[in-house]
Structure formats: C-alpha cells, structure tokens
Amino acid sequence: NKFNQIWERSDYLFGLLHSSDDFYRQPIKLRLPLLFYLGHLPCFTWAQLQHLDGVNKIIDALFDKLFQRGVDPNVRTGVVNHGHSSRFSINDESEKEYWRSFSVQSVEEYKIKVRSEIKNVLMNGDLKFHDLNTLNVLNIAVEHEMMHQETLMYLFAQLSIEAFRSDITNEKDLRQLCDVTSPLPENIWIPLPGGQLSLGKSYSEQLPTYSFGWDNEFPSEPTYVSNFELQSHPVRIGDFLQFVLDNGYTTKQWWDDDAFEWITE
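The working numbering puts the sequence shown at residues 211 to 475.
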C-alpha cells in the first residue's frame, strides 16, 4: 500500500509536464534531464530489492544500469568524479542527443515492468518482514522516492509555465488558492530548556524499537544542548519571499564564507 501511494504521487508529478519534449529539459545543469528521474525512481527501488534473498532478475540490461545511479558533481566545477556517471559531466550537444535516443514511452514501459516485479516480490517473495535488513531495504526504497519527489519540485520551479499542462496548472487558480495578501501570523520565538540528550541511532537497535535511519544518523552519541529558542512556525513561503526582497542572497551575514562565495560568483 505504501509503494502504491508513493507511485501515485510520482506519476502525478511527472504527469504535470506538458509534452514528451519537456522530459528532456535539464532545468538545473548540475542535475540530469527529467527523463532520467522517470527511470531512476523504479530502477533504484529494484536495485535495493536485489539485497534480498532470491531477488536477482535483470529487467532490462541497459536501463537497469543507466538509471541505477545519478550524478554527484562538484558544485564549483561541475565535474563528476564517479566512473558510473562521468559521461554526463559536460552539458553539450552530444549529451542531449544521447538522452533523446531514449523515448519517453520506452522509459515509461520500463517503469511499469519494474513496478510489476516489485509488486510480485512484495506479495509473493516470502519476505521476512520481521528482519531488520528487510525493513531497511524497503524503507530505503520508500524514503529515496519520497526524497526525489521533493527535489523534483526544485527542478520544476526552474521551468517556464509553458512546460506544464495548462488544464491542471492555472496560475489564476493558484493565486486564488494561495492568498498572498493575507498577513502572516506572527512567528514568535519560544524558549526551550537545554539538557543532556542522545543524538542519532544505535547500531544495536532491535526490532521492537526499530525506526529507519540513513547512514549519517549512526551511531548514537550523547551530547549536551544549551538553552535555545525555536520559532513557532517553520519557514513559510511568505517568510522566504521577504528574505528574497530583503536581498538575503547577497547579504553575507546569512551565509558562511564558502556558500556566499559560490552564490555571488
């Protein structure tokens, strides 16, 4: 059920794009074209399931390799140091032609095949749902797709409005839904006491207390936190708008030296 829910959300997001041509757009040059993520989400999940006993099927030799991992470039130079993605480190015409050699329909069909295999494993694969390794594999797959759904929003935000379907992305309706003229409730600072606490997760955690954690959340370690303050609301769109209007991106006090140098280059 959880997989069906996240797949429905992914399909909705990709369904916002106006045409097949829009899948080949690369709104952020340090990321791959949108078509890659259409294939990457199911491919990554299938790659994770390979860690389970009895799961070792090749669905498509080319796509299984192509979509398994993305790029992790140096944000300053754009250079990719990983062998699996080195061919994508330069944004040139040959790269664009390479991606256009794969049709959206072929990647969509691959996605459907992979999901069918995933469903088969989940329903008929005799999975050990009380095994910590099995739970970790399933949670990594779910968390990874949810993470990409969020980062797709960053990519979509860089596209022109023409890249989206007009029947479901009406700017006038959006403005009516989001009444930006209403004043924001005051975001007050709430004092909280400090004290001794435990950060991270223990490697020896057992099933009754299991919760998923990424590798950078291990191990658990004690630490002391001084008294601090927390705002009553998370950062809101209106708060961010005010930050932009106040020239936050060119105000050095909000950034460390490396980040500010990169932003102002």
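The set of hints was computed from the structure by calculation and includes no laboratory data.
Glycine residues also receive a C-beta, built at the ideal position from the N, C-alpha and C atoms.
Among the hints, erroneous ones may be present.
[Stated by the list, open to error] DSSO-like cross-link-like pairs, simulated, lysine-lysine; straight-line CA separation at most 27 Å:
hint, residue 1, residue 2
1, K323, K306
2, K411, K462
3, K338, K323
4, K329, K267
5, K275, K329
6, K212, K306
7, K306, K239
8, K338, K267
9, K267, K306
10, K239, K212
11, K323, K411
12, K239, K338
13, K212, K329
14, K212, K462
15, K239, K462
16, K411, K239
17, K306, K275
18, K275, K212
[Said to hold, decoys possible] FRET-style restraints, in silico, Cβ to Cβ:
hint, residue 1, residue 2, range
19, D341, P429, 19 to 27 Å
20, K338, E372, 34 to 42 Å
21, K338, T361, 49 to 57 Å
22, L342, G448, 27 to 35 Å
Verification of the hints:
1. At most 27 Å may separate the alpha-carbon atoms for a hinted pair to count; K323 and K306 meet this at roughly 26 Å.
2. Of the supplied pair hints, the one linking K411 and K462 is violated, its CA atoms being roughly 35 Å apart against a limit of 27 Å.
3. The suggested pairing of K338 with K323 holds, with an alpha-carbon distance near 24 Å, which does not exceed 27 Å.
4. For a cut-off of 27 Å, the pair hint linking K329 to K267 stands: about 14 Å separates their Cα positions.
5. Only pairs whose Cα atoms come within 27 Å are accepted, and K275 paired with K329 is accepted, the gap being roughly 21 Å.
6. Under the criterion of a C-alpha separation no larger than 27 Å, the hint pairing K212 with K306 is inconsistent with the structure, at around 35 Å.
7. This hinted pair checks out: K306 and K239 have alpha carbons roughly 12 Å apart, not beyond 27 Å.
8. With a CA separation close to 19 Å, the supplied pair K338 and K267 stays within the 27 Å bound.
9. As the CA atoms of K267 and K306 are separated by approximately 30 Å, the hinted pair breaks the 27 Å bound.
10. About 32 Å separates the Cα atoms of K239 and K212, which puts this hinted pair outside 27 Å; it is violated.
11. The hinted pair formed by K323 and K411 fails the criterion: a straight-line CA distance of about 36 Å is larger than 27 Å.
12. The hinted pair formed by K239 and K338 fails the criterion: a straight-line CA distance of about 41 Å is larger than 27 Å.
13. At roughly 11 Å between alpha-carbon atoms, K212 and K329 fall within 27 Å of each other, so this suggested pair holds.
14. Taking the CA atoms of K212 and K462, the gap is about 43 Å. The hint is violated against a cut of 27 Å.
15. Of the supplied pair hints, the one linking K239 and K462 holds, its CA atoms being roughly 25 Å apart against a limit of 27 Å.
16. Between K411 and K239 the CA atoms are separated by roughly 35 Å; this puts the pair beyond 27 Å, and the hint is violated.
17. Pair hint K306 plus K275 holds up; C-alpha atoms about 19 Å apart against a cutoff of 27 Å.
18. Our distance criterion of 27 Å between C-alpha atoms is met by K275 and K212, whose separation comes to about 26 Å.
19. Between D341 and P429 the CB atoms are about 21 Å apart, so this pair conforms to the stated range of 19 to 27 Å.
20. At roughly 49 Å, the beta carbons of K338 and E372 sit outside the given window of 34 to 42 Å.
21. For K338 and T361, the Cβ-Cβ distance of about 31 Å falls outside the hinted range of 49 to 57 Å, so the restraint is violated.
22. Remark: the range hint 27 to 35 Å for L342 to G448 is contradicted by a beta-carbon distance near 43 Å.
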